[in-house]
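Chains A and B supply the protein sequences, listed in that same order. In terms of my numbering, the first sequence has 41 at position 41, counting the first letter as 1, and numbering is strictly consecutive. For my numbering, count along the second sequence from 1 and bump the result up by 111.
Since the hints were made in silico from the structure, they are not lab data. A hint or two may mislead.
Stated by the list, open to error - Only pairs whose alpha carbons sit at most 27 Å apart, straight line, appear in this in silico DSS-like list of lysine-lysine:
(1) B:Lys129 to A:Lys110
(2) A:Lys79 to A:Lys45
(3) B:Lys129 to A:Lys79
(4) B:Lys129 to A:Lys2
(5) B:Lys151 to B:Lys164
(6) A:Lys2 to B:Lys133
(7) B:Lys130 to A:Lys79
(8) B:Lys152 to A:Lys98
(9) B:Lys129 to A:Lys45
(10) A:Lys79 to A:Lys98
(11) A:Lys110 to B:Lys133
(12) A:Lys79 to B:Lys133
(13) A:Lys2 to B:Lys130
(14) B:Lys164 to A:Lys110
(15) A:Lys79 to B:Lys147
(16) A:Lys2 to B:Lys120
(17) B:Lys120 to A:Lys79
(18) B:Lys133 to B:Lys152
(19) B:Lys149 to A:Lys2
(20) B:Lys120 to B:Lys133
(21) A:Lys98 to A:Lys45
(22) B:Lys120 to A:Lys110
(23) A:Lys45 to B:Lys164
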Amino acid sequence: RKEVEQDPGPFNVPEGATVAFNCTYSNSASQSFFWYRQDCRKEPKLLMSVYSSGNEDGRFTAQLNRASQYISLLIRDSKLSDSATYLCVVILDTGGFKTIFGAGTRLFVKA
Amino acid sequence: DTEVTQTPKHLVMGMTNKKSLKCEQHMGHRAMYWYKQKAKKPPELMFVYSYEKLSINESVPSRFSPECPNSSLLNLHLHALQPEDSALYLCASSQRTSGQETQYFGPGTRLLVL
Numbered sequence: 001r002k003e004v005e006q007d008p009g010p011f012n013v014p015e016g017a018t019v020a021f022n023c024t025y026s027n028s029a030s031q032s033f034f035w036y037r038q039d040c041r042k043e044p045k046l047l048m049s050v051y052s053s054g055n056e057d058g059r060f061t062a063q064l065n066r067a068s069q070y071i072s073l074l075i076r077d078s079k080l081s082d083s084a085t086y087l088c089v090v091i092l093d094t095g096g097f098k099t100i101f102g103a104g105t106r107l108f109v110k111a
Numbered sequence: 112d113t114e115v116t117q118t119p120k121h122l123v124m125g126m127t128n129k130k131s132l133k134c135e136q137h138m139g140h141r142a143m144y145w146y147k148q149k150a151k152k153p154p155e156l157m158f159v160y161s162y163e164k165l166s167i168n169e170s171v172p173s174r175f176s177p178e179c180p181n182s183s184l185l186n187l188h189l190h191a192l193q194p195e196d197s198a199l200y201l202c203a204s205s206q207r208t209s210g211q212e213t214q215y216f217g218p219g220t221r222l223l224v225l
């Protein structure tokens, strides 16, 4: 079983749609959780940190469920510019910061 | 400012060459990272430095040799690489923000080994 699992997609949605991505992690000692966005041939860019209390940034909402070891990202009112790969990232503090990426979920938003 | 810089942007090298990748951050971040990313795959962690000491080596072959000369700089020395080592090499640095170790990535060095 992979340490961080994501549905690779692709998700093909029309503009204005709401889309949800999910991610599960296997190590209960995981301490930091993030969603990153990566455009083709670019570096990953931090989208949001993820907390148990949930957090929202404009059209984006992220949620962490520690009991189920599950992370989610909701994008409302999708824009063409949201087309990218969304990476779920988990960090374990093992004396160093072991960082594990999910495989990424590819999103295509179409006009 | 959350800028991490990397040089060079592109590098072509032969299997007998020795080259180095450089990474720099001036944000006072305490940890720095090297990742390797192949096309259509997520980044894979190679090395982590915490307070200038190597804290994680993810069983990376010895032809990759990291070095952290000071808290702002991270190098990756390359020697006798193989064609399958061609990839995007990403550097990142991190700091603790709101209880989470938050990483910021540089633009990467695209490496081609011939």
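Hints and how they fare:
1. B:Lys129 to A:Lys110: violated, 45 Å
2. A:Lys79 to A:Lys45: holds, 17 Å
3. B:Lys129 to A:Lys79: violated, 45 Å
4. B:Lys129 to A:Lys2: Cα-Cα ~35 Å, so violated.
5. B:Lys151 to B:Lys164: violated, 31 Å
6. A:Lys2 to B:Lys133: violated, 31 Å
7. B:Lys130 to A:Lys79: Violated, at about 42 Å.
8. B:Lys152 to A:Lys98: At roughly 18 Å apart (the allowed maximum being 27 Å), A:Lys98 and B:Lys152 satisfy the hint.
9. B:Lys129 to A:Lys45: violated, 30 Å
10. A:Lys79 to A:Lys98: violated, 33 Å
11. A:Lys110 to B:Lys133: violated, 39 Å
12. A:Lys79 to B:Lys133: violated, 36 Å
13. A:Lys2 to B:Lys130: The given pair, whose Cα atoms are some 33 Å apart, is violated under the 27 Å limit.
14. B:Lys164 to A:Lys110: Cα-Cα ~47 Å, so violated.
15. A:Lys79 to B:Lys147: Not satisfied, since the Cα-Cα distance of roughly 30 Å exceeds 27 Å.
16. A:Lys2 to B:Lys120: It is violated: about 31 Å lies between the C-alpha atoms, which goes past 27 Å.
17. B:Lys120 to A:Lys79: Roughly 30 Å separates the two Cα atoms, so the pair is violated.
18. B:Lys133 to B:Lys152: Since the Cα atoms of B:Lys133 and B:Lys152 sit roughly 23 Å apart, the hinted pair holds (cutoff 27 Å).
19. B:Lys149 to A:Lys2: holds, 18 Å
20. B:Lys120 to B:Lys133: holds, 10 Å
21. A:Lys98 to A:Lys45: The given pair, whose Cα atoms are some 18 Å apart, holds under the 27 Å limit.
22. B:Lys120 to A:Lys110: Since the Cα atoms of B:Lys120 and A:Lys110 sit roughly 32 Å apart, the hinted pair is violated (cutoff 27 Å).
23. A:Lys45 to B:Lys164: Given that 27 Å is the threshold and the Cα spacing comes to 26 Å, the pair holds.
The structure is inconsistent with the numbered hints 1, 3, 4, 5, 6, 7, 9, 10, 11, 12, 13, 14, 15, 16, 17, 22, although it conforms to all the rest.
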